[in-house]
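This is what each chain is made of:
Protein chains: 2
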Amino acid sequence: MASYQAPLREIDFVLNDVLKVGRLAELAEFSDATPDTLSGLIAEAAKLIEEKLAPLNAVSDAKGCKLENGEVTVPDGFTEFWAMYRDAGWIGISQKKEYGGANLPYTLAKVLEELLCSANVAFALYPGLTQGCFEALEASASDEIKRIYLPRLATGEWSGTMCITEPQAGSDVGAAKTRATPNGDGSYRIDGGKIFITSGEHRMADNIVHFVLARLPDSPPGVKGLSTFVVPKYLVNPDGSLGARNGVRVQSIEHKMGINGSVTCVLNFDNAQGWIVGAPNQGIQNMFVMMNLARIMVGFQGLGQCELATQNAIRYARERKQGKAFNGKSEIIEHPDVRRMLLQMKATTEGARVLAYETAMYVDLARHHPDASVREAAQDWVDLNTPLVKAFCTDAAVELGSLVIQVYGGHGYIKEHGVEQILRDAKILCLYEGTNGIQAMDLVRRKLMLHNGRLPGRFFAAVKADLDGAPDALGAPLSAALDALERTTRWVQETYKSNPEDAAFGCCDYQRAFALTYLGWNWLRMARAAEKTGDAAFAKTKRVTAEYFATRLLSQVPALLGNVRESAASIMALDASSL
Amino acid sequence: MASYQAPLREIDFVLNDVLKVGRLAELAEFSDATPDTLSGLIAEAAKLIEEKLAPLNAVSDAKGCKLENGEVTVPDGFTEFWAMYRDAGWIGISQKKEYGGANLPYTLAKVLEELLCSANVAFALYPGLTQGCFEALEASASDEIKRIYLPRLATGEWSGTMCITEPQAGSDVGAAKTRATPNGDGSYRIDGGKIFITSGEHRMADNIVHFVLARLPDSPPGVKGLSTFVVPKYLVNPDGSLGARNGVRVQSIEHKMGINGSVTCVLNFDNAQGWIVGAPNQGIQNMFVMMNLARIMVGFQGLGQCELATQNAIRYARERKQGKAFNGKSEIIEHPDVRRMLLQMKATTEGARVLAYETAMYVDLARHHPDASVREAAQDWVDLNTPLVKAFCTDAAVELGSLVIQVYGGHGYIKEHGVEQILRDAKILCLYEGTNGIQAMDLVRRKLMLHNGRLPGRFFAAVKADLDGAPDALGAPLSAALDALERTTRWVQETYKSNPEDAAFGCCDYQRAFALTYLGWNWLRMARAAEKTGDAAFAKTKRVTAEYFATRLLSQVPALLGNVRESAASIMALDASSL
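Listed in order, the protein sequences are those of chains A and B.
In our numbering, each residue carries its 1-based index in the first sequence increased by 167.
In our numbering, each residue carries its 1-based index in the second sequence increased by 167.
Hints were generated in silico from the structure; no laboratory data involved.
Take these hints with a grain of salt, some might be off.
Note: identical chains are not told apart, hence a pair may lie in one copy or across any two.
Below, computed lysine-lysine pairings styled on DSS-like, alpha-carbon distance capped at 30 Å [claimed, not checked]:
{"id": "1", "residue 1": "263", "residue 2": "582"}
{"id": "2", "residue 1": "344", "residue 2": "214"}
{"id": "3", "residue 1": "496", "residue 2": "344"}
{"id": "4", "residue 1": "233", "residue 2": "582"}
{"id": "5", "residue 1": "391", "residue 2": "491"}
{"id": "6", "residue 1": "491", "residue 2": "344"}
{"id": "7", "residue 1": "230", "residue 2": "582"}
{"id": "8", "residue 1": "263", "residue 2": "214"}
{"id": "9", "residue 1": "664", "residue 2": "491"}
Values in this document were obtained by computation on a predicted structure and should not be read as measured data.
With the hints as extra help, turn the sequences into a complete structure.
Take a look at the structure:
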């Protein structure tokens, strides 16, 4: 069986030694959130998650969810764990006190997201979507809706969903057809069908709050004619008590490759009553408040799967004996090719953790820093990093999900060992909340263009500042990657205006090259920070892993960027029928 | 649902235009095997496989195999298809006429392997292991065993297995403990347990022939003390009729990530009666006759999955509409990043097909060419190519299995669409018959060293001869990759003697770089051959795909080879506990 221990030492190291999380406690909002407090909370949540949630991972995969007579049954133990997690106050840990939250940093909530997702990514989607729904309503809903819904979402009394996708409208959100018709009393009648609705129906929470994208009568076509609505499973009385069942029903649930403990619903809205959230035809903007945070969340899901894969691979490789390695030892960790796989996993996971945590910290700074110019800079980092976190951490989860099976050999393919589940669970992460190709297009066509192209410049400047005095083994490959990335970034920014097909053709390679360069910077910072801990063994492992990353992963950057700059004209000119 | 149409045009193009399969008909052995005959046979088998086997793929995955009261039930339709495939004579198509085969080229048998594996890789394992068992007995068994067993394996009246792995002996075959004790009558008593035995128990064939690795009393430790035995499920009378049930029983079957239609058994040998195959303590050599052919077979399994992934991705992308691409069209095949994924799949699959088919043709030439020096050269190619075919085609199957899901978006993750099965089925291919890391070690420590290192020289010379007059777009990147590969090959050959850890650490990167260079050569040859067909549209697609490969995949070679030449000393020096 796969097992899970929260990597508390690593988490503390990244938060405190690398990213200086103490900066958050200097904000008025988070004066209680000292590094010690955060560490204590993380350790407390970790204990609950390790002991009560991780053991459900294999069985929830095997049993999955059931739909009978319109009612969904979640896997054994989920309802009990939801109650424990809810009652401990973790679901609204970063929400405002006035809405029943604990008002602690978003960064803390994301660290818990990593832990939850390592232990059971399918379960993590229930609180994850609930937080997403909260964020969407908090940003755009009326005070009355906020007053009723937010406290109940923050406490986990109710859970949330986001209802965007329709059969004909996946990546093309603007093709959505679900209709919203004014009832004349301020509410709307919602009719239509939504697919791929995570947590769309279950009985763990008393009510389910659907955040729904729909189209008002006579609205413009495409994304500019979409509005957002809140549609509860049970109608809500003015005092917050529950009324009649609303006209939203689960029609079927999907049988999937993985995340079987997470219910994925086809929902029918048939004369359902809803209330508009935000202004008419502003739905796409409202949705993106939630979607951008959801993309960061999915990045953390990927990070959680990377960690799970890596720690199981290392543990197994330390115990399993086969033959004799060149150094005379029998554990497979001593075989060079097995060790190469483990270093690949370790270098990827730990480097990705810094990317993800730093992005979360910038969310906190963008929201709460007193200095407007710091908030602006932090928001630039969040905007730039969102596609990188989402795409890199999830592609890495699939890569590492495959590698952990490889380390286990044939045993990895047997369900009983529990690691093949990682690859199956991880693959969805590359698809939902915008496929990783959509992330790459967001990076190339939006993030590189925003504010006259200033976003990547913040990254280049930060890395250059840190390159000063870097040891050659880390600094030289990082500097080379950065130079190439800077030049290619200018090429993409210019080419996108004149020849978007060329710029778009290489967008995934560009995105990966950017993320690898970012991780190269993370490894330089980790190697330096580890040196200062005074723990020589820890510092040595970090240095060796940093050098592995610099030599063997950063080295991919020039070829990836070379791909980006090739013309795609002949390829795009081929007839679809001749492929 | 995923669907399958055999790519007959591609197969004919590779066999006839690229590899000149007519050379086989010039051999005395295969004078009937003209290109037209081969094409006709392939088309005939393809019709049967498309119509009768492919439709079983999804259902055999969903239902899997059942073990009840010691009896295995295979998925619905398998027994009927086995009978059809057997009665049409396909199982022994390349076996000698004297043993009931059709004596057609091994190359033809492997083309059929590709078709079978695209249609249903789980089913393909039953005839595949039967052919493997035939090959092992043909190479090493006594005439009496051959007389009894071979005709029944060639016709598919009986099926075969290879019983190698034990719980403590996976990659380390020499740790096998199964005992063989002389009975005094020329037979042996076999006792022990074997795991991961594909097709180890079922009732599609009248008897199952187990080819078993076991240890004689007082044999030397390790691989030098292993011998091989034939152990039938039912004892066999001298006239070939079946006698009593032998002492081999299925103890349990595995629940796996994929290939659910293939039964994977834990077998107990308890006072089973067996007969030695070949000389005592020569088991590992006997096993490798079968194992090397099995590795090529697994490469073809990977090719089959690559083809299945590619053709489904292209079909879906032609039909599915989302948004508007830059060129104004709506089909997702017109979106640059989707097209990039399709080109990646097409360039990989078609390039891999030439590698696999060429290897199969060299098997035929090594066996049957009248000129000893041609046979020797052909065997060198087979030896060199075996790890490349096995590892590259199976890694590619996983990569493309992931990409086809990505092309389908969220729908790809739903079982109903049938493409997530490809990734699950494909992953085993990287593990069995020697993990891909074992292949890389075979390449580095054996194949580069054989005959004073002459094997790779044959490849370098052949590519150089073809580079003459190559168009720049294809020739320049291939020439650069080849130069780097040649230099790194010399480095590996020298380093392996003095510092095997350094040479071994990069073995997988070296293997991939070698295979990519091989595929670069294949694409040069395909582009040229397509030009000569006179079909301008076909030639254009081939040229564009060749250029895609040259620019975007061959470009990985220098970085991969750079990795190979880095020292691994600091990494190998890390304590296992500090990883």
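Each hint tested on the structure:
1. 263 - 582: neither (42 Å within a copy, 40 Å between copies)
2. 344 - 214: neither (45 Å within a copy, 43 Å between copies)
3. 496 - 344: This pair counts as between: shortest inter-copy Cα distance 21 Å, intra-copy 63 Å.
4. 233 - 582: both (21 Å within a copy, 16 Å between copies)
5. 391 - 491: Answer is between; shortest inter-copy Cα gap is 15 Å, intra-copy 65 Å.
6. 491 - 344: For residue 491 and residue 344, the Cα distance is within 30 Å only across copies (17 Å; inside one copy 63 Å).
7. 230 - 582: both (13 Å within a copy, 16 Å between copies)
8. 263 - 214: within (25 Å within a copy, 65 Å between copies)
9. 664 - 491: Result: close only across copies, 17 Å inter versus 58 Å intra.
Violation of the numbered hints given earlier is confined to hints 1 and 2; the remaining hints are satisfied by the structure.
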